[in-house]
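Student: All chains, full assembly: derive it from the sequences and hints.
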Amino acid sequence: MPDPAPPQPEGLPERFAAWFAARGWQPRPHQLDLLALAGAGRSALLVAPTGAGKTLAGFLPTLVALSQRPSGRKQHGLHTLYVSPLKALAVDIARNLEAPIAEMGLAVRVETRTGDTPSHKRTRQIERPPDILLTTPEQLALLIAHREAEELFSTLACVVLDELHALVTSKRGDLLSLGLARLHRLSPGLTAIGLSATVREPDALRRYLVPQGCSSPPCGEGAVRMADLVVVGGGAAPDLRMLVTGRRLPLAGHTALQTMPAIYELIGTHRMVLVFVNTRLQAEYTFQELWRINEDALPIALHHGSLDASQRRRVEAAMAAGQLRAIVCTATLDLGIDWGDVDLVINIGAPKGASRIMQRIGRANHRMDEPSKAYLVPANQFEMLECQAALEAVEAAAQDTPDARLGAPDVLAQHVLGMACAGAFDPLSLYDEIVSAAPYTGLSWEDFEGVVDYVATGGYALRAYERFAKILRGPDGLWRVRDARVAQQYRMNIGTIIEATTVKVRLGRAMRGKPGTVVPRTGRVLGEIEEDFADGLTPGDTFLFAGEVLRFEGLSEDEALTSRAGPGTDPAIPSYAGSKFPLSTFLAARVRAIIADPSSWDRLPAQVSTYLGQQRDRSVLPGAGDLLVETFARGGRHYLTAFPFEGRLAHQTLGMLLTRRMERARLRPLGFAANDYGIAIWMTRDLSERIALEPGFLDALFAQDMLGDDLEAWLDESAMMKRTFRQCAVIAGLIERRHPGKKKTGRQVTISTDLVYDVLRKHQPDHLLMRAARQDAATGLLDVVRLGVMLERVQGRIVHRALDRVSPLSVSVMLEIGRERVYGEGADEILAEAEAQLLDEALG
Amino acid sequence: MALGQRLERTAKIPGLSLAGETLVLDLCGGLWLPAHRTLVVSDLHLEKGSSFAAQSGQFLPPYDTRETLAGLHEVIARLDPACVVALGDSFHDARGPERLEPGDRALIAVLQEGRDWVWIAGNHDQAVQSGVGGRYAEVLALGGLTLRHEPLPGAKEGEVAGHLHPCGKVAMRGRAVRRRCFVTDGHRMVMPAFGAYAGGLNVRDPAFEPLFPKGFNAHLLGDGRIFAIGKAMLARD
Numbered sequence: 000m001p002d003p004a005p006p007q008p009e010g011l012p013e014r015f016a017a018w019f020a021a022r023g024w025q026p027r028p029h030q031l032d033l034l035a036l037a038g039a040g041r042s043a044l045l046v047a048p049t050g051a052g053k054t055l056a057g058f059l060p061t062l063v064a065l066s067q068r069p070s071g072r073k074q075h076g077l078h079t080l081y082v083s084p085l086k087a088l089a090v091d092i093a094r095n096l097e098a099p100i101a102e103m104g105l106a107v108r109v110e111t112r113t114g115d116t117p118s119h120k121r122t123r124q125i126e127r128p129p130d131i132l133l134t135t136p137e138q139l140a141l142l143i144a145h146r147e148a149e150e151l152f153s154t155l156a157c158v159v160l161d162e163l164h165a166l167v168t169s170k171r172g173d174l175l176s177l178g179l180a181r182l183h184r185l186s187p188g189l190t191a192i193g194l195s196a197t198v199r200e201p202d203a204l205r206r207y208l209v210p211q212g213c214s215s216p217p218c219g220e221g222a223v224r225m226a227d228l229v230v231v232g233g234g235a236a237p238d239l240r241m242l243v244t245g246r247r248l249p250l251a252g253h254t255a256l257q258t259m260p261a262i263y264e265l266i267g268t269h270r271m272v273l274v275f276v277n278t279r280l281q282a283e284y285t286f287q288e289l290w291r292i293n294e295d296a297l298p299i300a301l302h303h304g305s306l307d308a309s310q311r312r313r314v315e316a317a318m319a320a321g322q323l324r325a326i327v328c329t330a331t332l333d334l335g336i337d338w339g340d341v342d343l344v345i346n347i348g349a350p351k352g353a354s355r356i357m358q359r360i361g362r363a364n365h366r367m368d369e370p371s372k373a374y375l376v377p378a379n380q381f382e383m384l385e386c387q388a389a390l391e392a393v394e395a396a397a398q399d400t401p402d403a404r405l406g407a408p409d410v411l412a413q414h415v416l417g418m419a420c421a422g423a424f425d426p427l428s429l430y431d432e433i434v435s436a437a438p439y440t441g442l443s444w445e446d447f448e449g450v451v452d453y454v455a456t457g458g459y460a461l462r463a464y465e466r467f468a469k470i471l472r473g474p475d476g477l478w479r480v481r482d483a484r485v486a487q488q489y490r491m492n493i494g495t496i497i498e499a500t501t502v503k504v505r506l507g508r509a510m511r512g513k514p515g516t517v518v519p520r521t522g523r524v525l526g527e528i529e530e531d532f533a534d535g536l537t538p539g540d541t542f543l544f545a546g547e548v549l550r551f552e553g554l555s556e557d558e559a560l561t562s563r564a565g566p567g568t569d570p571a572i573p574s575y576a577g578s579k580f581p582l583s584t585f586l587a588a589r590v591r592a593i594i595a596d597p598s599s600w601d602r603l604p605a606q607v608s609t610y611l612g613q614q615r616d617r618s619v620l621p622g623a624g625d626l627l628v629e630t631f632a633r634g635g636r637h638y639l640t641a642f643p644f645e646g647r648l649a650h651q652t653l654g655m656l657l658t659r660r661m662e663r664a665r666l667r668p669l670g671f672a673a674n675d676y677g678i679a680i681w682m683t684r685d686l687s688e689r690i691a692l693e694p695g696f697l698d699a700l701f702a703q704d705m706l707g708d709d710l711e712a713w714l715d716e717s718a719m720m721k722r723t724f725r726q727c728a729v730i731a732g733l734i735e736r737r738h739p740g741k742k743k744t745g746r747q748v749t750i751s752t753d754l755v756y757d758v759l760r761k762h763q764p765d766h767l768l769m770r771a772a773r774q775d776a777a778t779g780l781l782d783v784v785r786l787g788v789m790l791e792r793v794q795g796r797i798v799h800r801a802l803d804r805v806s807p808l809s810v811s812v813m814l815e816i817g818r819e820r821v822y823g824e825g826a827d828e829i830l831a832e833a834e835a836q837l838l839d840e841a842l843g
Numbered sequence: 000m001a002l003g004q005r006l007e008r009t010a011k012i013p014g015l016s017l018a019g020e021t022l023v024l025d026l027c028g029g030l031w032l033p034a035h036r037t038l039v040v041s042d043l044h045l046e047k048g049s050s051f052a053a054q055s056g057q058f059l060p061p062y063d064t065r066e067t068l069a070g071l072h073e074v075i076a077r078l079d080p081a082c083v084v085a086l087g088d089s090f091h092d093a094r095g096p097e098r099l100e101p102g103d104r105a106l107i108a109v110l111q112e113g114r115d116w117v118w119i120a121g122n123h124d125q126a127v128q129s130g131v132g133g134r135y136a137e138v139l140a141l142g143g144l145t146l147r148h149e150p151l152p153g154a155k156e157g158e159v160a161g162h163l164h165p166c167g168k169v170a171m172r173g174r175a176v177r178r179r180c181f182v183t184d185g186h187r188m189v190m191p192a193f194g195a196y197a198g199g200l201n202v203r204d205p206a207f208e209p210l211f212p213k214g215f216n217a218h219l220l221g222d223g224r225i226f227a228i229g230k231a232m233l234a235r236d
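Heads up: the sequence lines are chains Z and X, in that order. Numbering-wise, numbering that gives the first Met the number 0 puts 227 at position 228 of the first sequence, and it's gapless, one number per residue. Numbering-wise, numbering that gives the first Met the number 0 puts 13 at position 14 of the second sequence, and it's gapless, one number per residue.
Keep in mind the hints are simulated off the structure, nothing from the lab. Please read these numbers as outputs of a predicted model, since none were measured by experiment. Where hints are given, some of them may not hold.
Unchecked claim - No more than 25 Å apart at the CA atoms, straight line, and that leaves these computed lysine to aspartate or glutamate pairs for DMTMM-like: (1) Z/K761 - Z/D709; (2) Z/K503 - X/D236; (3) Z/K503 - Z/D295; (4) Z/K503 - Z/E735; (5) X/K230 - X/D184; (6) Z/K503 - Z/E558; (7) X/K213 - X/E20; (8) X/K230 - Z/D708; (9) Z/K761 - X/D222; (10) Z/K120 - Z/D91; (11) X/K230 - X/E208; (12) X/K213 - Z/E558; (13) Z/K86 - Z/E529; (14) X/K230 - Z/E832; (15) Z/K120 - Z/E97; (16) Z/K761 - Z/D704; (17) Z/K761 - Z/D708; (18) Z/K503 - Z/E529; (19) Z/K503 - Z/D115; (20) Z/K86 - Z/D32; (21) Z/K372 - Z/D295; (22) Z/K503 - Z/D753; (23) Z/K503 - X/D204; (24) X/K230 - Z/E97; (25) X/K230 - Z/D827; (26) X/K155 - X/E137; (27) Z/K761 - X/E73; (28) Z/K761 - X/E66; (29) X/K230 - X/D103; (30) X/K230 - Z/D540.
Tutor: Okay, here's the thing in structure tokens:
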């Protein structure tokens with residue numbers, strides 16, 4: 000007698016149930032939950048760990064609906080739109096959908112639309128849309144700005160947003176939210192499904208998915224709406240450990256040189272290992288070190304964003320084919336596609352954030368019920384503390400994803416122009432639509448009008464550009480784009496990702512007779528480096544790139560010409576020694592708590608607890624909420640060190656502001672260095688004496704009001720602020736994007752945003768773009784928000800020790816001196832040095 | 000105080016002279032000829048912002064004219080020249096004067112009051128011949144100096160020109176600083192652009208080679224003072 004058939008899952012059509020059964024699968028509960036919710040017209044957020052069948056869950060409602068639609072009609076229109084942060088992921092998903100569609104015999108057409116899609120196919124996709132279209136946020140923005148958008152999306156029933164947790168923390172998330180708001184308006188019954196890894200605040204994502212009511216009167220606070228939530232439980236807990244060898248780690252540095260043999264050993268005993276590092280430089284270095292000891296010639300590859308795309312594709316293909324044993328990579332492999340059968344993840348350097356490390360661990364072993372295996376490899380003693388904090392955070396399944404964003408005004412400006420390109424817009428209804436997007440619920444009508452004014456004529460108090468307006472308000476009260484050229488400009492400048500301007504790195508042989516040139520001219524292009532970095536190189540400088548030490552020979556057009564440095568050459572120019580990601584607030588708090596509580600030290604490697612013990616004996620261990628400040632003299636200079644543990648961005652800003660103050664207090668500060676844990680400032684005057692003589696001096700030095708005028712004054716001149724401004728100006732369409740591959744136009748034609756910034760800050764400091772840049776600076780490169788929270792936290796809690804020599808804790812940050820370069824400050828010092836060389840020539 | 004400021008802003012570099020005329024470089028990018036009480040400024044590019052708006056639909060902040068004139072105002076108030084020479088490309092295009100804001104137009108008139116004012120013709124503003132006060136000239140001889148917009152190739156003793164917007168770049172220990180500069184070899188000089196939106200051309204560009212076949216010194220406008228830097232220390236872009 001045959002077994003009784005398992006009960007038919009509710010809502011799952013026969014064809015689907017049979018398909019699951021044929022593959023020996025059971026539909027998972029969350030897949031059915033999502034199906035039921037979508038069937039009831041509910042939007043939903045699916046939070047699930049890697050390997051839980053998220054993608055299938057997201058598409059199941061669509062496939063079921065499409066299988067049930069009446070046959071016979073030829074044109075159905077677009078049914079489902081899928082948006083992913085990665086072009087490659089969209090392509091990959093399209094492939095993965097092929098199998099179930101073919102095996103169930105569904106009449107469903109799936110297509111992708113990315114920057115690579117040829118124009119005839121794009122046109123066809125608008126005229127005869129597929130059932131399911133897979134695309135990216137940028138392409139969605141272009142689609143909704145299309146003249147046919149209204150018709151194209153009138154049939155849309157479902158939108159699936161993949162890796163939503165990764166998207167919403169950036170300006171891309173702002174752009175997507177505005178696109179989503181438009182989709183909700185164009186097809187009012189739309190169901191939105193968000194797919195996300197585990198996050199700290201799922202409610203923020205749930206709000207993001209559905210239109211928000213307006214938050215100002217008369218709607219009031221009851222207007223917060225949320226999508227339903229489906230959570231898939233943890234899966235197997237990861238097998239995560241810290242890789243500690245018997246060797247003693249240094250107090251600073253990020254290279255993990257001591258641990259390379261142990262890492263190599265792990266590669267030898269696993270099928271395929273992903274070795275994650277935080278920066279391109281670390282990737283280069285690690286790759287080189289591993290090959291130095293690669294006696295068995297294991298296939299170890301390198302993958303980072305600066306490498307030539309074709310080289311990256313080759314590495315990915317080799318991974319997928321199982322030909323590699325290890326890949327040293329940066330965040331480029333954080334998200335997305337499973338290229339291969341990875342059975343171990345190694346993360347070198349500090350994890351910086353618990354959520355990031357979870358994401359990376361998830362790259363190993365994509366089966367949910369088996370534990371992912373991973374090692375954290377600290378590169379210095381502080382990183383041991385950080386790794387321990389991350390281990391505890393992962394164990395407690397704690398997350399540190401950032402808070403929901405406040406929508407950026409520059410992104411909004413781009414969107415408003417796009418909406419004028421789509422057709423005429425009525426300002427009132429566009430405003431209502433925009434404030435229904437979660438990041439923009441707080442947008443006031445006045446600010447919205449300001450954005451429209453900016454789009455039309457630049458938003459200047461001086462009404463100079465009225466007659467050139469890009470969008471015009473007709474007698475019917477609707478705004479329209481001026482002409483086809485403006486629409487074309489919009490399409491060319493779409494998106495929020497501003498690639499750092501880069502130059503190609505070309506490898507040749509140096510020509511002895513002709514400095515600044517290499518032969519052959521057609522030498523191999525190894526990849527790209529940031530223009531800023533290339534700018535700082537002088538011929539003869541050596542640096543690490545694409546796994547080799549290169550000698551810089553000269554610049555030509557947009558290429559850095561290089562030759563191979565002789566064997567055994569050490570790279571002279573570090574590109575970015577530290578970590579690009581600042582320590583998360585959450586891990587920072589855990590690290591402070593570990594330091595403050597000696598009873599927890601038994602979980603730490605012995606060398607760290609010994610080190611902390613020495614700190615306790617020589618100076619003091621700060622309490623979890625305290626700020627430790629040490630002052631001491633060394634080599635004829637006086638030093639101040641402080642340990643806020645707030646990440647290097649916030650510390651750099653703190654260093655800038657403190658030195659300004661110390662300058663005024665006539666302490667003669669000479670410079671400072673910062674890392675993720677603290678800062679060191681050195682000066683000619685005796686600070687210990689000053690603190691002893693003047694009670695309250697230190698408290699005043701760290702007083703919160705430094706974020707007032709000092710910050711404003713410094714910000715205005717800060718090169719980082721100019722860089723931030725440049726990005727806002729490009730996103731908002733003030734200046735045109737430089738397109739890769741397109742030849743640089745002459746200096747006389749392009750205008751430097753630094754000049755624009757200088758003029759604007761003097762004459763209209765409250766301009767939309769200045770506000771946008773300040774908003775970015777507050778959380779971005781300068782991390783002012785975090786600094787503010789820290790200064791408030793430590794009020795009245797500064798613990799000062801005047802020491803007669805450097806303490807163990809201070810050594811770590813003192814080691815950063817000379818290693819760090821502070822971007823764009825002290826131009827006159829550089830010039831004076833160059834001038835002195837001229838004088839030497841003259842006098843010598 | 001006024002004297003102190005003057006000392007800070009101008010750099011009297013020993014031995015810096017052309018054709019027997021003493022040259023004083025000003026941190027604002029102007030050239031002060033004390034013997035003639037004449038201030039020379041080059042490449043103001045007034046109304047460049049509005050020129051962009053008209054031609055390409057890029058709405059740069061329309062304050063560049065105001066900013067450039069404010070700089071000019073400052074140096075004129077400080078030095079009180081008997082004559083101001085604008086060394087060409089004073090307007091970014093021929094219709095620039097028409098687009099001047101009334102306030103900016105009035106300021107130009109104020110600056111011109113009580114002194115000689117010469118607009119040298121440039122390639123951008125060749126067609127501008129009237130409407131903004133002062134007098135117009137193709138070339139101006141001043142003592143041993145010849146003031147013209149575009150430097151002529153070949154050895155031109157005593158020529159002071161603009162047009163090229165020279166910039167010097169110094170790269171050291173992984174950092175680069177790029178600044179506007181005066182360029183001179185003791186025989187001729189190319190002045191930096193004065194305009195707020197004027198870009199710069201690296202002095203190592205081939206365009207400078209025929210002008211200074213035997214090399215040059217560049218005087219870079221720093222934040223607090225002017226720095227004399229030899230050609231060998233200057234990096235290419």
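Student: CA of X/K230 to CA of Z/D827, is that 25 Å or under?
Tutor: 18 Å, holds
Student: If you draw a straight line from the CA of Z/K503 to the CA of Z/D753, is it 25 Å or shorter?
Tutor: Distance of about 24 Å is within 25 Å: holds.
Student: Decide if the proposed pair is consistent with the structure: Z/K120 and Z/D91, CA atoms, cutoff 25 Å inclusive.
Tutor: 19 Å, holds
Student: Between the alpha carbons of X/K230 and X/D103, is the straight-line distance 25 Å or under?
Tutor: 38 Å, violated
Student: Has the given pair, X/K230 with Z/E832, been kept, meaning a C-alpha gap of at most 25 Å?
Tutor: Answer holds: X/K230 to Z/E832 is near 14 Å, not above 25 Å.
Student: Holds or violated: X/K230 and X/E208, Cα atoms, limit 25 Å.
Tutor: Holds, at roughly 11 Å.
Student: Can the restraint linking Z/K761 and Z/D708 be considered satisfied, given a maximum Cα separation of 25 Å?
Tutor: 16 Å, holds
Student: Take a quick look at whether Z/K503 and Z/D295 sit within 25 Å of each other, Cα to Cα.
Tutor: 33 Å, violated
Student: Within 25 Å, alpha carbon to alpha carbon, are X/K155 and X/E137?
Tutor: 16 Å, holds
Student: Keeping to a limit of 25 Å between CA atoms, is the pair of Z/K120 and Z/E97 held or broken?
Tutor: Holds: Z/K120 and Z/E97 sit about 19 Å apart, inside 25 Å.
Student: Straight-line Cα separation of Z/K761 and X/D222 no greater than 25 Å?
Tutor: Between Z/K761 and X/D222 the Cα gap is close to 17 Å, so the pair holds against 25 Å.
Student: Taken at face value, is the distance from the CA of X/E73 to the CA of Z/K761 at most 25 Å?
Tutor: 15 Å, holds
The structure fails hints 3, 8, 12, 20, 24 and 29 (numbered hints given earlier, in ascending order).
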